[in-house]
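If you read the protein sequences in the order shown, they are chains S and A. Under the working numbering, the letters of the first sequence match residues 1009 to 1138, in that order. Under the working numbering, the letters of the second sequence match residues 691 to 829, in that order.
Treat the hints with caution; some may be incorrect.
Chain S is nowhere near these chain A residues, computed Cβ spacing over 10 Å in every case [as the list claims (entries may be wrong)]:
no., residue
1, Arg701
2, Leu704
3, Ser717
4, Glu727
5, Asp733
6, Gly772
7, Leu791
8, Met793
9, Phe802
Some, not all, of what chain A presents toward chain S, calculated at C-beta under 7 Å [claimed, not checked]:
no., residue
10, Leu705
11, Gln713
12, Ser714
13, Leu734
14, Glu736
15, Leu805
I should point out that these hints are in silico values taken from the structure, not numbers from a laboratory. Here the structure is a predicted model, which means the values were calculated and not measured. Glycine is no exception: its CB is placed at the ideal position from the N, C-alpha and C atoms.
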Amino acid sequence: MIRIVVSGLCTNEICRLASGLGGERVSVHEAIDITGATEVSQGRADYYFGACATGAGGALAMAIAILGYDRCFTASMIGSVPKEAEIQAAVASGKLAFGFTVDHIDSTVPMLITAILAHHREAGNREQGS
Amino acid sequence: MSNVEQVFQARFELLLSSGLVSQSSISAALDTLRQVERKTGIDLDEGLGAPLATHLAMALKRLEQGEVLQPAPGVLWQELQGYPAQLELAKSLIAGLEQRLGMMIPPDEAGFVALHLARIALAVENRTEPANPSIPEDR
């Protein structure tokens, strides 16, 4: 079970979407950004999703502060649509926190869930093969 | 220590330690948050005020550094037509910040602040999770 914590704006919508896409393979819950990022840092959650509306970095601010820049990835900004290949590469490289703007929820969350599930499937296959 | 200083102390300390905000941007953000409380009569707690607090401190730090802030999307201004009181308050807050900091702040910043104020007003009205007025929860 992949544990995802959602913070920031429109958390209800993101949780609904992520749960619907991930089904029984994911567990999604919401938390205040400080709590959510701490859960990931302590291993109580696997991934952090944060949405903001303003483009000033609020979506990932606490995740950057708690997890560090190298664990965070901005999946979309105002005027910059999410790119599936970049999201796949970010997940594969071990990024744990993903920020995006609320106007890109419908496109970004499916890309993130798909990439995370594929990443874990591949990791599982490698373990079985070894 | 005032209410907003206590409420957002841990948040600002974390942001400061990671270099995302500065002491002066925190100070200006706290002053703005106090004005929001005074002018709206709303006590800001973490759930209500965290996005605005984070946004203000980070945006002001970027302005201090001479960075260009992201322009607001057109849809933001359309949505804010339904929140004239919040837009007026945001404009006055930005004007106060310009005076305090001695610098011009892009007009779009008033739109972003108004968006947060509208979200706070909606949350207080509904007494539920703060929603983003520009993106309805039940699209």
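- Item | Non-interface label on Leu791 (chain A), tested against every C-beta of chain S at 10 Å | holds, 16 Å
- Report holds or violated for the interface hint on Glu736 (chain A), using the least CB-CB distance to chain S and a cut-off of 7 Å. holds, 6 Å
- Query: If you take the shortest Cβ to Cβ gap from Gln713 (chain A) to chain S, is it below 7 Å?
  - Reply: Nearest chain S Cβ about 15 Å off; hint violated.
- Task: Determine whether the non-interface label on Met793 (chain A) survives the test: each CB of chain S must be over 10 Å from its CB.
- Result: For Met793 (chain A), whose nearest Cβ neighbour in chain S is about 16 Å away, the distance exceeds 10 Å, so it holds.
- Query: Regarding the assertion that Gly772 (chain A) does not contact chain S, is the least Cβ-Cβ distance greater than 10 Å?
  - Reply: holds, 15 Å
- Query: Is it the case that Arg701 (chain A) keeps its Cβ farther than 10 Å from each residue Cβ in chain S?
  - Reply: violated, 6 Å
- Exclusion check [Phe802 (chain A) not at the chain S interface, CB over 10 Å]: violated, 4 Å
- Query: Quick one, is the Leu705 (chain A) hint okay against chain S at 7 Å, beta carbons?
  - Reply: Where the cut-off is 7 Å and the nearest Cβ of chain S is about 6 Å from Leu705 (chain A), the hint holds.
- Hint check: is the beta carbon of Leu734 (chain A) less than 7 Å from a beta carbon of chain S? Where the cut-off is 7 Å and the nearest Cβ of chain S is about 13 Å from Leu734 (chain A), the hint is violated.
- Item | Evaluation of the interface hint that places Ser714 (chain A) against chain S, nearest CB under 7 Å | violated, 16 Å
- Message: Let's test the interface hint: is any C-beta of chain S closer than 7 Å to that of Leu805 (chain A)?
- Response: OK, holds: Leu805 (chain A) within 7 Å of chain S, min 6 Å.
- Item | Verdict on Asp733 (chain A) as a residue remote from chain S, using beta-carbon distances over 10 Å | With a cut-off of 10 Å, Asp733 (chain A) remains clear of chain S, as the shortest Cβ separation is near 17 Å.
Hints 1, 2, 9, 11, 12, 13, counting from the list given before, are not met by this structure.
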